[in-house]
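Residue numbers (the working numbering), protein chains in the order written: chain A, 1 to 192; chain B, 193 to 556.
Simulated from the structure, these hints should not be mistaken for lab results. Source: prediction; values computed, not measured. A portion of the hints provided could be inaccurate.
[Claimed, not checked] Listed next, the stretches of chain A that the computed footprint assigns to chain B, with coverage defined by at least 3 CB atoms under 8 Å from CB atoms of chain B: (1) 25-32; (2) 75-85.
[Claimed, not checked] Here are the computed lysine-lysine pairs in the DSBU-like style, where the Cα-Cα straight-line distance is at most 35 Å: (3) A:K97 - A:K107; (4) A:K35 - B:K257; (5) A:K40 - B:K253; (6) B:K341 - A:K41; (7) A:K50 - B:K257; (8) A:K50 - B:K225; (9) B:K295 - A:K35; (10) A:K155 - A:K131; (11) A:K39 - B:K527; (12) A:K50 - B:K527; (13) B:K527 - A:K13; (14) B:K225 - A:K8; (15) B:K341 - A:K40; (16) B:K257 - A:K8; (17) A:K131 - B:K527; (18) B:K253 - A:K41; (19) B:K527 - A:K41; (20) B:K257 - A:K41.
Each residue gets a CB set at the ideal place from its N, CA and C atoms; glycine is no exception.
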Amino acid sequence: MQLTNRAKQVSSKEMTLAERIYLPAIVTGLGITIKHFFKKKVTIQYPEQKRYLGPVFRGQHVLKRDEQGRERCTACGLCAVACPAEAISMVAEEREKGEEKLYREEKYAAVYEINMLRCIFCGLCEEACPKQAIYLRHDIFVPVFTERDNVIYGKDKLVENMNDRYLRTAWTKEEALHQDINDLTPQPRIQL
Amino acid sequence: MLEAGFIIKSLIILALFGLTLLIATYSTYAERKVAAFLQDRLGPNRAGPWGLLQPIADAGKMFFKEDFIPSQASKWLFIAGPCLSMLTALMATAVVPFGDSVKYTTGPNQILTVPVQPIDVNIGVLYIFGVVSLGVYGLMIGGWASNNKFSLLGAIRAASQNISYEIPMGLSMIAILMMTGSLSMGEIVSQQHGGNWNIFYQPLGFIIFITCAFAECNRTPFDLPECETELIGGYHTEYSSMKLGFYLFSEYINMFVSSAVISNLFFGGYNYPFMDSVHQFLTNNLGAIAGHNVATLIGTVVLFGKIFFFIFFFMWVRWTLPRFRYDQLMNLGWKGLIPLAMLNIVLTGGAILFLKPLITALLK
Ligand code: SF4
Ligand code: SF4
Numbered sequence: 001m002q003l004t005n006r007a008k009q010v011s012s013k014e015m016t017l018a019e020r021i022y023l024p025a026i027v028t029g030l031g032i033t034i035k036h037f038f039k040k041k042v043t044i045q046y047p048e049q050k051r052y053l054g055p056v057f058r059g060q061h062v063l064k065r066d067e068q069g070r071e072r073c074t075a076c077g078l079c080a081v082a083c084p085a086e087a088i089s090m091v092a093e094e095r096e097k098g099e100e101k102l103y104r105e106e107k108y109a110a111v112y113e114i115n116m117l118r119c120i121f122c123g124l125c126e127e128a129c130p131k132q133a134i135y136l137r138h139d140i141f142v143p144v145f146t147e148r149d150n151v152i153y154g155k156d157k158l159v160e161n162m163n164d165r166y167l168r169t170a171w172t173k174e175e176a177l178h179q180d181i182n183d184l185t186p187q188p189r190i191q192l
Numbered sequence: 193m194l195e196a197g198f199i200i201k202s203l204i205i206l207a208l209f210g211l212t213l214l215i216a217t218y219s220t221y222a223e224r225k226v227a228a229f230l231q232d233r234l235g236p237n238r239a240g241p242w243g244l245l246q247p248i249a250d251a252g253k254m255f256f257k258e259d260f261i262p263s264q265a266s267k268w269l270f271i272a273g274p275c276l277s278m279l280t281a282l283m284a285t286a287v288v289p290f291g292d293s294v295k296y297t298t299g300p301n302q303i304l305t306v307p308v309q310p311i312d313v314n315i316g317v318l319y320i321f322g323v324v325s326l327g328v329y330g331l332m333i334g335g336w337a338s339n340n341k342f343s344l345l346g347a348i349r350a351a352s353q354n355i356s357y358e359i360p361m362g363l364s365m366i367a368i369l370m371m372t373g374s375l376s377m378g379e380i381v382s383q384q385h386g387g388n389w390n391i392f393y394q395p396l397g398f399i400i401f402i403t404c405a406f407a408e409c410n411r412t413p414f415d416l417p418e419c420e421t422e423l424i425g426g427y428h429t430e431y432s433s434m435k436l437g438f439y440l441f442s443e444y445i446n447m448f449v450s451s452a453v454i455s456n457l458f459f460g461g462y463n464y465p466f467m468d469s470v471h472q473f474l475t476n477n478l479g480a481i482a483g484h485n486v487a488t489l490i491g492t493v494v495l496f497g498k499i500f501f502f503i504f505f506f507m508w509v510r511w512t513l514p515r516f517r518y519d520q521l522m523n524l525g526w527k528g529l530i531p532l533a534m535l536n537i538v539l540t541g542g543a544i545l546f547l548k549p550l551i552t553a554l555l556k
C-alpha cells in the first residue's frame, strides 16, 4: 500500500561530490524552512479561539431530563461501575409521594458527583446508562482548573436546564456537514 | 584631554556591555520565535505584547529555581564553570569595532577622534581567538566538577570539538591576515571600505569560518556537547537555576560575538556601499563634526543589521539541520575543513603573488 508518492528507493551508491560536500543539500533545506517562516501559521490560540470539534466530541457531562422535565437518572450506579477512572459517585434516594414531577423513576440520585480531575472523558458512562440519563455534551468544555474545590461537579452543574436544553445537533460527521460547522448552538434535529 | 576621551571610552564600553547583554537576552526570545515560525507555529506570545516580556519571565524563573549542587560535586569548580563561561563570552566583544569613530571638540580647533571600539589592540584577532578558546574551560570545568558520566562525556566532546574546529578557523583567518597584513580588527575593517568586503575575495574562507563558528558556539548541527538524545544535557546535566541560565546565556552571547566577528571580518563591519557619498552629504549639511558622527551612527546601525542577520542565520540553520554524528563531526573537521583551509591559504597566496600585480598592471 502506498500512502504518499514521496517514497524513495534506498540506494547505497557512492555519494557524488555535490552530495558529499553537504552544501547544496543544506541550501535546499534552508530554502524549505524559510518558506515555512512566511507561511500562514496553523496555531489555534486556544482560550480565545475555539474550534468546532465535531458532533460527537466528548465534553462536559449533562444529566438529562425527559420531555416533562423529570430527571431521568435512577441512580442504578451502572455509570459508576463502568467508569474506568472511578470519577462518579452518587447517593440514591427513594422518590416520595408528590415528587413524580421531579423524578421519572421511583429511585433517584439525591447526590450525583463527577470528579472532573479524574474523568478522562471516555464516554463509558454514557454507554452504560440504561436510562439515557447521562451524556457528554459536545459543546461545552470542562475548563482548566486552578482551584481544587472546583473540580467536583455536583447536580447543580450537571442536571440539564429545561430552558436551555441540550440537544445533540448531529451524530455523525456526514450529518454535521449539512449544518454550518461553525454554529455551536444546538439545533433540534434529533430528540434525545 | 585624556579625561574626556576616557569618559567617552567608558561610555562606549558600558553601552556595548549593556547592548551585548540585551541582545543576548532577546536572542533567547528570537530563538523561540524563529523556531516557532520555521515550524508553522506562533511562539511565545503571552507575556506582554507579542510575548516581548518572555526573556524577563524566563530569567525570573531561572533565579527562583532551586540552586542545586550535587553532594559529590567539587563545589567551587562547580560554581566556577558557568562563571568562566559567562566571563569569556563577555570578554570577546572588547576588541570588536562597532563603528567608525566619534569626533568631538575639546577646545578651539582641537578635535578629538575616538573610534567606536572598546579597545583597538593591534593583535585584536589573536585576542578574540585566545578568549574564545578559553571558553572551553568553562564547559570542561563544569562537566568535570559535576561528577557525572554524562556531564564528563559532554565536556570531553566540547573540548575536543572546540579544539578541532579552532584549527580550520584559525587557518581560514590566516588568508584574511595575508590580504590585510594586520592583526588589528579596526585595521581589517577599515580596509574593507565601501563595498570592498572580504567575502568577495574569500568566499571559501568564509564558508570554513562560519562552519567553525557554528562548532565553536556549540550550535546545531554541531551541538554534540549537549546532545540531549545521547547525553541528557551534556556538560550542564547537573546544573540548575541561574548556573544553568549562565551556560545557556553564554551560548547566546557567543552567538552574538561570532556574528559580530563574521560581519567585521567578511562583511565589512560598519562599511556599506556608497558610504562616502552619504558621509559627504551629511558633513555638507550638518557640519564636519555632527555630520561625521551621524555617518558613524548609520555605519553602526548597518553593522548591527548584519549582526542580526547572522544571529538569525544561526537560528535558521539550527532549526533546519539535524545534528552530526560524532565521527562525522571529527571527519568533517580534520579531513574536510583543515585541508580546505590550507588550500585556501595557498590559493590566496598565489592570488596575491600573481593575480594582484597582473590586475594592477592591467588597470594602469
Ligand atoms: S466519561 Fe469516562 S471517565 Fe468520565 S465519568 Fe464517564 S465513564 Fe468516567
Ligand atoms: S446516570 Fe444512568 S447509569 Fe448512572 S446512575 Fe443514573 S441511570 Fe444509572
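Status of the hints after comparison with the structure:
1. Look at the region 25-32 of chain A against chain B: 4 of its residues bring a Cβ nearer than 8 Å to a Cβ of that chain, three or more, so the hint holds.
2. Under a criterion of three residues with beta carbons nearer than 8 Å to beta carbons of chain B, the stated coverage of the region 75-85 of chain A fails, only 0 such residues being counted.
3. Taking the CA atoms of A:K97 and A:K107, the gap is about 12 Å. The hint holds against a cut of 35 Å.
4. With a C-alpha separation of about 38 Å, the suggested pair A:K35 and B:K257 falls outside the 35 Å cut-off, and the hint is violated.
5. Only pairs whose Cα atoms come within 35 Å are accepted, and A:K40 paired with B:K253 is accepted, the gap being roughly 31 Å.
6. A C-alpha spacing of about 41 Å is found between B:K341 and A:K41, which places the hinted pair above 35 Å, so the restraint is violated.
7. Of the supplied pair hints, the one linking A:K50 and B:K257 holds, its CA atoms being roughly 34 Å apart against a limit of 35 Å.
8. At roughly 23 Å between alpha-carbon atoms, A:K50 and B:K225 fall within 35 Å of each other, so this suggested pair holds.
9. With a C-alpha separation of about 45 Å, the suggested pair B:K295 and A:K35 falls outside the 35 Å cut-off, and the hint is violated.
10. Our distance criterion of 35 Å between C-alpha atoms is met by A:K155 and A:K131, whose separation comes to about 17 Å.
11. Straight-line distance between C-alpha atoms of A:K39 and B:K527 comes to about 39 Å, which puts the hinted pair past the 35 Å bound.
12. Between the alpha carbons of A:K50 and B:K527 the distance comes to roughly 55 Å, so the proposed pair goes past 35 Å and is violated.
13. Note on B:K527 and A:K13: the hinted pairing holds, with a Cα-Cα distance of about 21 Å set against a maximum of 35 Å.
14. For the hint pairing B:K225 with A:K8, the CA-to-CA distance comes to about 33 Å; that is within 35 Å, so the pair holds.
15. Our distance criterion of 35 Å between C-alpha atoms is broken by B:K341 and A:K40, whose separation comes to about 44 Å.
16. Between B:K257 and A:K8 the alpha-carbon distance is near 48 Å, which puts this suggested pair outside the 35 Å criterion.
17. Using a Cα cut-off of 35 Å, the hinted pair A:K131 and B:K527 is violated, with the two alpha carbons roughly 76 Å apart.
18. Taking the CA atoms of B:K253 and A:K41, the gap is near 28 Å; set against the 35 Å cutoff, the hint holds.
19. For a cut-off of 35 Å, the pair hint linking B:K527 to A:K41 is broken: about 42 Å separates their Cα positions.
20. Annotation: proposed proximity of B:K257 to A:K41 holds, straight-line Cα distance about 33 Å (limit 35 Å).
Of the numbered hints stated above, those contradicted by the structure are hints 2, 4, 6, 9, 11, 12, 15, 16, 17 and 19, listed in ascending order.
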